[in-house]
Amino acid sequence: DAKTTQPNSMESNEEEPVHLPCNHSTISGTDYIHWYRQLPSQGPEYVIHGLTSNVNNRMASLAIAEDRKSSTLILHRATLRDAAVYYCILRDVESNFGNEKLTFGTGTRLTIIP
Amino acid sequence: DAGVTQSPTHLIKTRGQQVTLRCSPKSGHDTVSWYQQALGQGPQFIFQYYEEEERQRGNFPDRFSGHQFPNYSSELNVNALLLGDSALYLCASSPIREDEKLFFGSGTQLSVL
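First to last, the protein sequences are chains A and B. Read in the working numbering, the first sequence has 59 at position 59, and its numbers run on one by one without any break. Read in the working numbering, the second sequence has 1081 at position 81, and its numbers run on one by one without any break.
Hint data in this document are derived by calculation from the structure and do not stem from the laboratory. C-beta atoms are modelled at their ideal positions from N, C-alpha and C, and glycine is treated no differently. Fair warning: there could be bad hints in the mix.
[Said to hold, decoys possible] Heads up, simulated DSBU-like pairs for lysine-lysine below, C-alpha to C-alpha not over 35 Å straight-line:
(1) LYS1013/B - LYS69/A
(2) LYS69/A - LYS101/A
(3) LYS1013/B - LYS101/A
[Unchecked claim] Computed footprint of chain B on chain A; a stretch qualifies when at least three of its residues, placed anywhere within it, have a C-beta under 8 Å from a C-beta of chain B:
(4) 23 to 33
(5) 39 to 52
[Stated by the list, open to error] Negatives, chain A to chain B, calculated, CB over 12 Å:
(6) PRO7
(7) SER12
(8) GLU16
(9) ASN56
(10) ARG68
(11) SER70
(12) HIS76
(13) THR79
(14) ARG81
(15) ALA83
(16) VAL85
(17) ILE89
(18) ILE113
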C-alpha cells in the first residue's frame, strides 16, 4: 500500500483557517486521496476525497498538487468541534470488491485554541 | 437512520478467553469491515465481509475470525485472547462500489487482563 506522511500534531486558533498537509510521493494513478477524522471516543468519520482536481464539500476543501505527490486538507474556519486526529489515506479503487481496506497511519492530532 | 451500531461498547476479558463482538451496518450497506485500533495508533484493517464471505484480510492471525449474516450484520470472534488484543475494535460499513466512503461505528473497547 502506498504510504502517506503527516505531521504528528498541529495547533490552530479558533475561527481561523487550518491547512493540514499530507505527502504521498509514491501515489499511483489509481489511488484516490481520502481524509478521515476521528473525534475523541468515536470512530473515524469521512471528511472528503479526491483524485486529481481540488474538491469542496460542507466540511472542508481538498487541494491536490498537480503532480499528486502531496495534498492539503483545508478547514476554512476551525471550531472547537474540529479538534480531532486527521488521517490522510490512499485508497486504490482497482479492486473486485470495492477495496474497503483503508491503511491508516498515525495521523495529525489537531488542537484548536479558544 | 441509526448508522453503524456496535455492541457491547465495553468488554473486559481475561487471557485465554474467547470474545464475540457484534456490528449492524448502516441501512442500505452490504459490506462490513473490521478494524483494530491500539492506543495512540491508527486503525488496522482486520478483514472485510461481503455476501457472507470473507473477501479481504489484513495481517491478523487465525485467532481472529468473523461472520456475516443474511441481514448484513456481522460478528468478530477472537479466540485465545492475549494481553495485546486489548484495543478498540471498529466496524465500518459501505455499499460495494468503488470509491465509496466508509461509515464507522463508535467501536467496542476490549480490555484483556
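Structure-based check of each hint:
| no. | hint | in the structure |
| --- | --- | --- |
| 1 | LYS1013/B - LYS69/A | 44 Å, violated |
| 2 | LYS69/A - LYS101/A | 21 Å, holds |
| 3 | LYS1013/B - LYS101/A | 28 Å, holds |
| 4 | 23 to 33 | violated (count 1) |
| 5 | 39 to 52 | holds (count 7) |
| 6 | PRO7 | 14 Å, holds |
| 7 | SER12 | 21 Å, holds |
| 8 | GLU16 | 26 Å, holds |
| 9 | ASN56 | 16 Å, holds |
| 10 | ARG68 | 15 Å, holds |
| 11 | SER70 | 19 Å, holds |
| 12 | HIS76 | 21 Å, holds |
| 13 | THR79 | 21 Å, holds |
| 14 | ARG81 | 16 Å, holds |
| 15 | ALA83 | 16 Å, holds |
| 16 | VAL85 | 8 Å, violated |
| 17 | ILE89 | 9 Å, violated |
| 18 | ILE113 | 22 Å, holds |
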